[in-house]
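Taken in order, these protein sequences are the chains called A and B.
No gaps in the numbering here: position 132 of the first sequence is 366 in our numbering, and each next residue is one more.
No gaps in the numbering here: position 5 of the second sequence is 90 in our numbering, and each next residue is one more.
You can take every hint at face value.
Computed list of lysine-lysine pairs in DSBU-like fashion (alpha-carbon distance at most 30 Å, straight line): (1) B:Lys348 with A:Lys312; (2) A:Lys326 with B:Lys305; (3) B:Lys433 with A:Lys326; (4) B:Lys305 with B:Lys113; (5) B:Lys312 with A:Lys326; (6) A:Lys326 with B:Lys113.
Treat the hints as calculated values from the structure; they're not laboratory data.
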Amino acid sequence: MARTDSASEKALGSRRKTFRRADLWLLLLIALSSVLLFVFFLWKDTRIRTPVLEISQDGQVVGVYPLSEDRELLIGSKESGGYNVVRIENGKIRITEADCPDRSCVRSIAIDRRGGSIICLPHRLVLRIADGAGGIPDAVAE
Amino acid sequence: MNRCHRIAFPFMMILFLLLSGCTSPKKKTASDTGIFFDTSVTLTIYGEGAEEALSECFVLCRNFERIFSAQNPDSELYRINHRENAGGEYDPKTRTGTAEYSISDELREALALGLEASEDTDGLFDITMLPVTELWDFRTGNGSVPDETLLLEALSRVGFKNAELRGSTLLLTEGTVMLDLGAVAKGCISAALRDYLQSRSDITGAILNLGGNIDVFGEKPDGSPWKVGIQKPFSERGELLLSVELSEGCVISSGVYERCFEKDGVLYHHILSGKDGMPVDSGLLQATVIGRDDALSDTLSTVCMLLGKDESEQLIRKKAYDVQVLYTGSDGSITLFSPKTGEEQDIKEGARLRLQP
Ligand SMILES: [Zn+2]
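Modelling step: build the complete structure from the supplied sequences, incorporating the hints.
Structure representation (structure tokens):
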């Protein structure tokens with residue numbers, strides 16, 4: 235800022251003082267909002283998300299269901315073949331019925347809010363707990 | 086710029102930096118399941134570049150499918166097995182003469198490993214078993230024992246000595262020999278995925294699950310060691326025999342319960358002998374190899390099942406392989422073999438083993 239005019243120099247000088255106060259307010263505002271945002275994001279990342287059942291087929295998510303409500307879902311159709319029956323009961327999920335050749339999904343252990351997945355390979359169906367609470371192994375060697 | 090601004094600017098810059106840092110104070114996670122080569126591949130990747138790395142890993146899987154698949158007519162292995170564009174003296178009319186192929190590095194590494202295991206087990210494990218494995222159907226659980234004449238015909242085509250590697254050239258000295266990478270491929274792929282992920286500086290850790298072959302490395306976000314459960318034989322899928330904790334490495338199981346069927350009170354499973362093409366009873370239900378080299382560990386898990394506990398321990402000692410093996414015997418006993426200390430340790434079901442790499 236190069237000013238040679240003395241009058242404007244003076245005017246600027248007087249404005250400097252108000253600038254200083256405004257700057258302080260601005261600084262305070264930014265500091266406050268950054269602290270607030272910081273706390274918000276921290277809370278957002280650490281808050282306990284509710285585990286849900288996510289069902290996908292051929293790599294596409296076909297449904298997301300809460301574990302709190304009991305229900306039975308039919309994936310595919312019994313008439314045209316290629317079906318799996320998924321049951322949510324007391325927070326536990328299993329495949330109770332399927333017409334896949336290996337029947338490995340039906341013989342899979344129930345999954346619950348802790349996490350885990352059930353896979354039906356022939357039907358390219360994946361049931362998984364999203365945002366599981368943990369407390370089970372990261373993976374199972376088989 | 087006046088004094089006040091001079092002071093204010095750095096402050097504001099710092100605050101803005103703090104603000105922009107807010108959007109990702111936690112490490113990123115990306116996880117997905119894909120299906121390749123009749124196997125489910127579940128990858129969970131941690132780090133800033135997790136999402137990009139995840140999709141890149143699935144691209145790598147797709148590429149490997151075009152190398153290793155014995156069923157996909159477009160794969161390198163399939164074309165070799167069916168002698169498409171064979172070099173050398175191979176005569177397609179009589180299906181005789183040595184066929185020559187210049188092969189990819191990936192295939193060469195897998196074959197080298199398979200040939201070594203074939204040599205070490207004197208053909209009990211055989212990399213050229215495909216004609217025999219194609220006769221058995223273990224997928225449905227209600228397969229049947231192959232016809233004896235068919236089995237003998239298929240066995241006559243088996244012989245790892247008919248496959249030879251010279252640098253990056255593969256020689257198939259018999260016209261009907263066919264390669265089977267079933268016991269090797271998954272390990273080679275997970276090793277490649279791990280190498281790729283570790284080469285990225287924006288990935289802090291990952292857990293790879295290739296059809297039950299587990300590989301872990303790096304840090305878990307909560308800082309705890311990785312926990313890998315081991316499937317209990319003949320129980321519901323996901324029921325655990327025990328679990329191991331480790332900071333890095335692979336955990337690869339092979340067992341008679343995986344793909345099998347029962348007929349007239351006899352259990353027929355997919356661990357077949359290269360000698361007679363029949364399932365092998367070596368006194369084991371399951372062998373789990375814990376190591377650093379995924380490809381070697383994958384192959385070894387099958388080799389252990391074929392050789393049985395004592396003989397496979399001898400082989401591991403002889404070759405000084407850097408692995409540990411958990412054996413589950415037919416009587417339900419569990420033993421941990423650690424060649425470094427030469428120790429054999431009885432393990433109780435439900436145990437939580439902490440393993441040192
Ligand atoms: Zn199924």
